[in-house]
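Here the protein sequences line up with chains A and B, keeping their order.
The first sequence begins at 0 in numbering that gives the first Met the number 0 and counts up one residue at a time.
The second sequence begins at 0 in numbering that gives the first Met the number 0 and counts up one residue at a time.
Accuracy of the hints is not assured; some may be wrong.
[As the list claims (entries may be wrong)] Calculated pairs, SDA-like style, for lysine to any residue (alpha carbon to alpha carbon, straight line, at most 20 Å):
#1 A/Lys317 - B/Thr41
#2 B/Lys56 - A/Arg141
#3 A/Lys145 - B/Glu61
[As the list claims (entries may be wrong)] Among the chain B residues that face chain A by a calculated CB cut under 10 Å, a handful are:
#4 Lys24
#5 Asp35
#6 Gly36
#7 Ser39
#8 His42
Because the hints were derived from the structure by calculation, they are not lab data.
The model shown is predicted, which means the values in this text are computed figures rather than measured ones.
Glycine included, C-beta positions come from ideal geometry on N, C-alpha and C.
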Amino acid sequence: MLFSTPNFLYVFLPVLLAIYWIFYKNPGIQLIVLTVFSLYFYAFGEPVYVFLMIGLVLANYYLGKACAGDGESEQPLSKKLLLCLAVAVNLSGLVFFKYTNFICENINALTGLSLKGISLGMPIGISFFTFQSMSYVIDAYRGTVKVQKSYVKLLLYVSFFPQLIAGPIVRYQDIEEQLENRSWSINQINDGIFRFALGLAKKVLIADSCDAVVNSLGNVEEGTFLLGQWMKVIFYTLQLYFDFSGYSDMAIGLGKLFGFDFPENFNYPFASKSITEYWRRWHITLGTWFKDYLFYPVLNSTGLKKLARSLMKKKKRKLARYLPNLIALLVVWLATGIWHGASWNFVLWGIYYYLWLAADMVFLDDFRKKLPKIAESFFSHGIFIVATFFGMALFFFEDNTLSNLGSLFGAGVCGFTTTDVNAIICQNLWLLLAALVLSVPTVPKLYSMAVRECGITPAADRVIKTAVSIIFLGLATTVMVAQTYSPFLYFRF
Amino acid sequence: MLQEKEIIDRLNEIFAFVFDDDSIKITRATTSNDVDGWDSLTHVTLIGEIEEAFGFKFMMKEIVGMKNVGEMIDIIAQRAKK
């Protein structure tokens with residue numbers, strides 16, 4: 000079930016909210032209601048794989064109990080092995096469904112065998128709920144969270160419908176307390192509705208419109224044109240941002256309606272000054288997940304510590320400073336690439352960003368600091384825009400990646416532009432401008448200025464936000480009813 | 000259990016070596032802001048040297064959670080094997 004469908008918005012959600020708040024005096028029953036509805040939400044699209052998820056949580060429930068540590072002393076070997084088993088169980092589902100065919104294809108290409116692979120579809124959201132389950136079991140092992148004694152609560156943590164399918168990747172510790180006690184206030188409900196309406200508008204009004212432009216640019220019959228190719232990447236970049244951050248807004252808003260606070264997933268990534276900053280502002284919960292569960296463990300592994308020590312002994316201080324970090328970062332970015340999809344161009348995409356991050360770490364950051372302020376700003380934003388553009392192009396041109404990238408430099412195109420391309424761009428100029436302006440924090444800045452200068456009271460602020468919510472919901476509904484199926488881009492990951 | 004004075008003296012040597020500064024004087028209140036070159040990149044080198052010198056391993060949450068040298072000393076005092 001999609002958030003941006005009348006079925007969800009006008010049937011599933013109101014019915015659930017009504018039942019949920021009928022039981023406001025009984026948090027235990029509320030949790031069961033949320034769990035049942037979440038499982039129904041998932042089963043609506045995945046009637047079979049819902050059992051896979053239920054089983055996976057059950058495995059994590061027992062393994063979490065078995066390998067839990069106190070956080071004070073080092074864990075014995077038996078618990079280390081149990082943690083390895085837990086990680087293996089979690090990853091096996093992901094690897095089987097997502098990577099079997101990719102692995103087979105590569106083995107076939109290397110050895111000349113003809114392994115068949117599998118013809119099963121990938122369970123929707125598996126990359127997300129696997130990571131959530133893993134975070135619980137690893138944190139239990141590290142002793143940073145208490146073991147969850149109730150299976151239903153753990154199941155709800157993993158399957159809770161707002162964040163189940165495309166994030167934010169909520170960590171168990173983020174909602175550990177809210178599984179026990181949840182606050183409720185009119186303000187929180189208002190904020191929740193506003194946030195949801197904002198996300199819905201981002202998705203339905205902007206992302207879907209950008210999608211239509213990308214499609215019509217792809218259908219120009221006269222061939223490929225330089226301007227058309229650039230515009231495709233630009234509109235796709237905007238689509239991806241509004242689609243995915245809109246989904247996160249909706250998830251966070253829905254969480255608030257039920258008394259849960261989910262972590263933020265986006266912070267105006269396009270206003271960044273470097274690729275390093277960009278990845279702290281885009282899909283934040285994935286970045287912090289990889290940092291805590293992959294980067295730090297690899298960086299602090301015995302091997303890399305030994306490497307640092309031996310370099311120090313040889314007085315190679317610079318290498319000792321950078322090399323272990325660069326190796327750990329490479330592991331993370333190969334994993335981030337392959338997490339996004341089972342194909343080599345995602346690996347290439349990961350390496351591409353790795354090179355930028357490595358450059359930031361080793362010299363670009365220091366170089367930026369030495370520049371005068373205005374030059375620094377131009378230089379940083381300029382490099383950032385170019386770097387992001389080609390990163391997105393790698394992400395977008397999944398097929399024939401190299402020839403498509405070449406076309407961005409004019410290789411093999413029929414010309415600069417044509418009447419059809421011009422017409423499409425002219426028709427969508429306002430969309431382009433609006434999306435560009437809204438992708439950086441212009442509106443929040445102007446609004447907070449207005450609050451300061453015009454003395455908007457908290458009461459007036461609530462009225463404004465309610466009015467905006469109603470307008471967004473109304474507009475989005477009108478578009479939704481007229482529209483056919485429009486899936487979220489991040490569902491395939 | 001090691002005496003605090005001994006831990007600080009030995010730690011001071013390690014800091015002087017890792018950050019290449021013989022004039023370094025650490026106290027319980029010292030944080031990464033007070034030491035030139037102590038950032039997230041050099042942290043792993045420092046941790047590796049301390050673990051080797053005192054014969055134990057920090058846990059992940061300690062590595063990312065230590066706020067100052069004082070907390071580091073407390074952990075060493077509890078767990079050091081040499």
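Verification of the hints:
For the proposed pair A/Lys317 and B/Thr41, the alpha carbon gap of about 10 Å is at most 20 Å, so the pair holds. The hinted pair formed by B/Lys56 and A/Arg141 meets the criterion: a straight-line CA distance of about 14 Å does not exceed 20 Å. Restraint check: the Cα-Cα separation between A/Lys145 and B/Glu61 comes to about 17 Å, which is no more than 20 Å; the hinted pair holds. For the restraint placing B/Lys24 at the interface with chain A, the shortest Cβ-Cβ distance is roughly 21 Å, beyond the 10 Å limit, so the hint is violated.
A cut of 10 Å between beta carbons decides the hint on B/Asp35: the least distance to chain A is about 13 Å, and the hint is violated. Hint status for B/Gly36 relative to chain A: holds, with the closest Cβ pair at about 8 Å, below 10 Å. Taking 10 Å as the C-beta contact cut-off toward chain A, the hint placing B/Ser39 at the interface holds, the least distance being around 8 Å. Against a cut-off of 10 Å between C-beta atoms, the interface hint on B/His42 holds, since the closest Cβ of chain A lies about 9 Å away.
Hint compliance for this structure: hints 4, 5 are broken, all remaining hints hold.
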